[in-house]
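Spelled out, the chains give:
Number of protein chains: 2
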Amino acid sequence: MSTWKTRLAWLRALPEPIPAEANTPAAVAEIEAKTYFDKKQEKVSFQREESLGEAYEILKTASGYTLRGGETGLLYGVYALIFALETGSPLPQGVQKPYYPLRMLNCWDNMSGDIERGYAGRSLWFEGGRFSYDPDRIRQLGRMLGSVGINVLCLNNVNVHQPAQELIDGFLPEVSAFAALLRPFGVRLMLSIDFSQPIKDVGTADPLDERVQGWWADTAKRVWAAVPDLAGFLVKADSEHRPGPNTYDRTHAEGANMLARVLRPFGGKLVWRAFVYNCMQDWRDTKTDRPRAAYDLYKPLDGAFDDNVILQVKHGPYDFQVREPVSPLLLGMERTALSVEFQLAQEYTGQQIDLYAMPPLWREVFDQMGKRRVSAIAAVSNLGRDDCWTGHPFAALNLFAYGLFARNPDSDPETVIRTWAKLTYALPEDQTGTLTALLLKSRSVYEKYTANLGLCWMITPNSHYGPNPYGYEFQAWGTYTRADRNAVGIDRSEAGTGYVAQYPPALKALYESPETCPDNLLLFFHRLPYDFVMRDGRTLIQRLYDDHFEGFKQVQAMAEVLEKLTLPEPDRQEARRRMEAQLTNAREWRDILNTFFHRFCGVPDAKGRKIYD
Amino acid sequence: MSTWKTRLAWLRALPEPIPAEANTPAAVAEIEAKTYFDKKQEKVSFQREESLGEAYEILKTASGYTLRGGETGLLYGVYALIFALETGSPLPQGVQKPYYPLRMLNCWDNMSGDIERGYAGRSLWFEGGRFSYDPDRIRQLGRMLGSVGINVLCLNNVNVHQPAQELIDGFLPEVSAFAALLRPFGVRLMLSIDFSQPIKDVGTADPLDERVQGWWADTAKRVWAAVPDLAGFLVKADSEHRPGPNTYDRTHAEGANMLARVLRPFGGKLVWRAFVYNCMQDWRDTKTDRPRAAYDLYKPLDGAFDDNVILQVKHGPYDFQVREPVSPLLLGMERTALSVEFQLAQEYTGQQIDLYAMPPLWREVFDQMGKRRVSAIAAVSNLGRDDCWTGHPFAALNLFAYGLFARNPDSDPETVIRTWAKLTYALPEDQTGTLTALLLKSRSVYEKYTANLGLCWMITPNSHYGPNPYGYEFQAWGTYTRADRNAVGIDRSEAGTGYVAQYPPALKALYESPETCPDNLLLFFHRLPYDFVMRDGRTLIQRLYDDHFEGFKQVQAMAEVLEKLTLPEPDRQEARRRMEAQLTNAREWRDILNTFFHRFCGVPDAKGRKIYD
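Heads up: the protein sequence lines correspond to chains A and B, in order. Position one of the first sequence corresponds to residue 134 (the numbering used here), numbered consecutively onward. Position one of the second sequence corresponds to residue 134 (the numbering used here), numbered consecutively onward.
Hint data in this document are derived by calculation from the structure and do not stem from the laboratory. One should not assume that every hint holds.
Put simply, identical chains are the same to the list, so a pair is met inside one copy or across any two.
As the list claims (entries may be wrong) - Simulated pairs of lysine-lysine, DSS-like, Cα-Cα distance not exceeding 27 Å:
id, residue 1, residue 2
1, K333, K420
2, K740, K420
3, K574, K333
4, K740, K574
5, K697, K574
If you're wondering where the values come from, they're calculated on a predicted model, not measured in any experiment.
If we strip away everything but chain A, and leave its shape as in the complex, we get (with noise of 0.2 Å):
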């Protein structure tokens, strides 16, 4: 029995929900196309090829469409198909194959029912301990992700609070069940695991010990039988203080490459996610510098990793912030298969409550890597139990959008906001226009007021929202302004931490001076003083001040804009409730950055506008 009212998200033009009898992506896509299609009284004919797997071809018939493509690839192009018609679009013409084969979606889902960092609500599948969810509505989300394409899910947080053995040992014949439901949509699973959890049975989690190997086997073997297609293991080593390679003197790789070996037989992946937590520092030591971490860990074991190993690494040196650079791990290893991975939990990006559009920022990171070996994507999920999925109905545009650039990186991100703006909303067509240039630009708005020039970390420590220049100055966690009376930022160039080195050369040239370096990431790559003269003309400080003066601005345009548009309830109600919201929290910003750099400083704004003393 559902307990939850369908919310359709960019499902609108397939309000029939999928019947439970309908168990196969064929079964599925047959059902999509007949309901859909009958109305419109056209036809779709099928034409299953498997060697073509998830790729598809769509071809025009006098009296509809014929469908090429595997069994999946059929599945996905009923979708793409649906979708070109509802909005206008032409038809992708030739074979369609997702570039990158996984294409995962984490989710840092705890049994508690909590989710880490999560911003719509509680699990969807987990509360007090034990797997708790409405079939109906876990059908739906199935379908959701395969209409996008995206083709793996990992089931539990990957900073395994409470420990992974218990859903392993405890749960298997639910997770089974779990992973039936989302089947249909060409959906696996993927569970995230513990580094240590051999210890509690033969008391060691050393990778070279064949008693560990043994005990990753059996478990390996038992988790398989349960759930014959996983995709495979997530693993976060050395996780929340827990023991890891590193505590047997054994490299990542060694780590990594035991547990691979142990899926293979099954076909599965081992996703290992290069994230050094144990990077805490003295803010005193000026010389060592956080996003120097992972290349420096890494780097050196390029090539030593088995080929089931996908080493999965932030799209940024940090931790999504704002702003990044692209990670320089992404474009050194050669030898390695990577995962670049996103955030679609806004966690520093505004929390689901002010509007943040990530494909620019995708865009622009596809740009930066170029077509280089990377072998899958992953993001962290933005879903959970509120009825629009996503905390704010537009959030649901990131994880639309993701799928899209998933299985195109070289996606548009105007056209993909429109599109996901026609399937979600029936606007009219100017108000189409104004919804997709709102959140174009959301991106750009929210980083003027929070983190222009790429200075981020100015955050409130732990809740990671709203203003707080100074929060993260003393922590142990590496992420410094270093703000002081005459200029603000830390010189990265080689000079300084050399972590500019640490790129390629074209990139490194760019970088290494400021008379070069974007102004978007000035003051991430450079120290500098305030009295510095950009390339417009204006100086650092008083670029700091336009930049936030002009955000709360673009802010107050936007809940103007917004107030236009005839959204139906309960969305146009939430949105704009949420709009409020960021427009408390980017006065907020302005005025406390502005003040803060004004205390330090003293230089008034040239404009005469107010800042607080």
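With the hints as your guide, set chain B onto chain A.
Just chain B now, with coordinates in the frame of chain A:
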């Protein structure tokens, strides 16, 4: 069955437990005297005179001593006599009567078992939403309190997180049984209530509504039937954003008097906590000044409270900071019964890790208050389920000393500390002196590195431990230093926020000018440039640096001294372990505050010591 290993704290000379059969103060007094003096082959005779109440007189006789007193007075007399003999102090001469009739310990214990701002483990009597305790331990606690004359224990947190109604509705038999454990030691219970409780039954908490008055009358009848000697109710009105008198456009006097009239038939006191919770402000607003809030609200109500209302006022205008001036409310309420409130729980004063002996603080407060109409005294408990009761074994001093000051606010800090040291540890005389000196100085040391010149609130938000000079700077609590590149502090003179005008003329004159204001409150009352020249010829900034450097050095010296003390285990190890944490903490304070101010002002240390960039 006792699961707890008796820790005697300052009752070292009385190692035998008090049997459960001793259920009156008279019986306890007899047993304590007999056990102690039989060994000495001395005799104590009792002369009970009910009219003396809690007062007593000790008379030396040929064969021993005669005690005169009311029933509780005799108990107090026995402990006073034993303590004097144990410490080699002169016997108290003449009739000894406690100065404050109500000497209250306010416990911030939640029924969950948590203690708000507790640093000594979980609640001694609550766990998991119900009563849960070891009766032997509670009796021992009663004995400790009785031995220093604390005569009221408020059982539950004044921030009534778990509805106080639950305690009153569901647990009156348990409250009654608990009261019986403490009664033989002269300790009565008090309960915290929630002003808004009647809402659930009568739909309002308006104090002028007859249904509300009737509801409270019924409640009081039930409560006093269970605990006939209950001391009264403690109320923090408008607590935690729940309704209070202001919600109904009633004054706090109307709210308090309504309850006081309900309690009058039972002889109960209504203790009304003069804490203005809704004092949130905008950091941009430089006119509003939080220290003014309590006086501004309550001074106009002076004389409006019934005579069984006690207005409980924190000793300073802020919130138990390391250094505050005395609250002007304590000096200004001429026609209102007052209670002065201290906080033994070291929320802002080292959290029972760093040493912070409070008697010097109390000496100053009482000296400033003089013999005003203060009719009660209260302190927030520092107790918990730790073996040693108070986290740090030395923190028991503050509980002990509080009792002595509550009976005699003219007490001398050094004498009180020495008395505690002798009663607690059988150290050689020179070591007792060393320990006494260490503790006597501990507050001034802590002040030096955390809050010199009256600059408080430079702490980590929420935890309230460790340096965070801008942590509260842009928050809503009125807790600002307003440090900038030129100056620091808030001008609270008449030309500033006018706070100083809340003081009587002599103090007002003292504080009004930076020339006369005591150094330790200089930046509490004044905003001064870093190059302000202090009375000793040093600049303000140099004094800030000097104190931070000296404070840390003094902690190093304390650590060395501590090493030399032959304390019994486990106290020795525990004290050393905590001292190591204090050293780490003090170093962070020194370096972070120095760097913070140096970044603003750019002035180097005159003595060339290391200030980090």
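Results for each hint:
no., hint, in the structure
1, K333 / K420, "neither (39 Å within a copy, 61 Å between copies)"
2, K740 / K420, "between (38 Å within a copy, 26 Å between copies)"
3, K574 / K333, "neither (51 Å within a copy, 49 Å between copies)"
4, K740 / K574, "within (25 Å within a copy, 53 Å between copies)"
5, K697 / K574, "within (17 Å within a copy, 67 Å between copies)"
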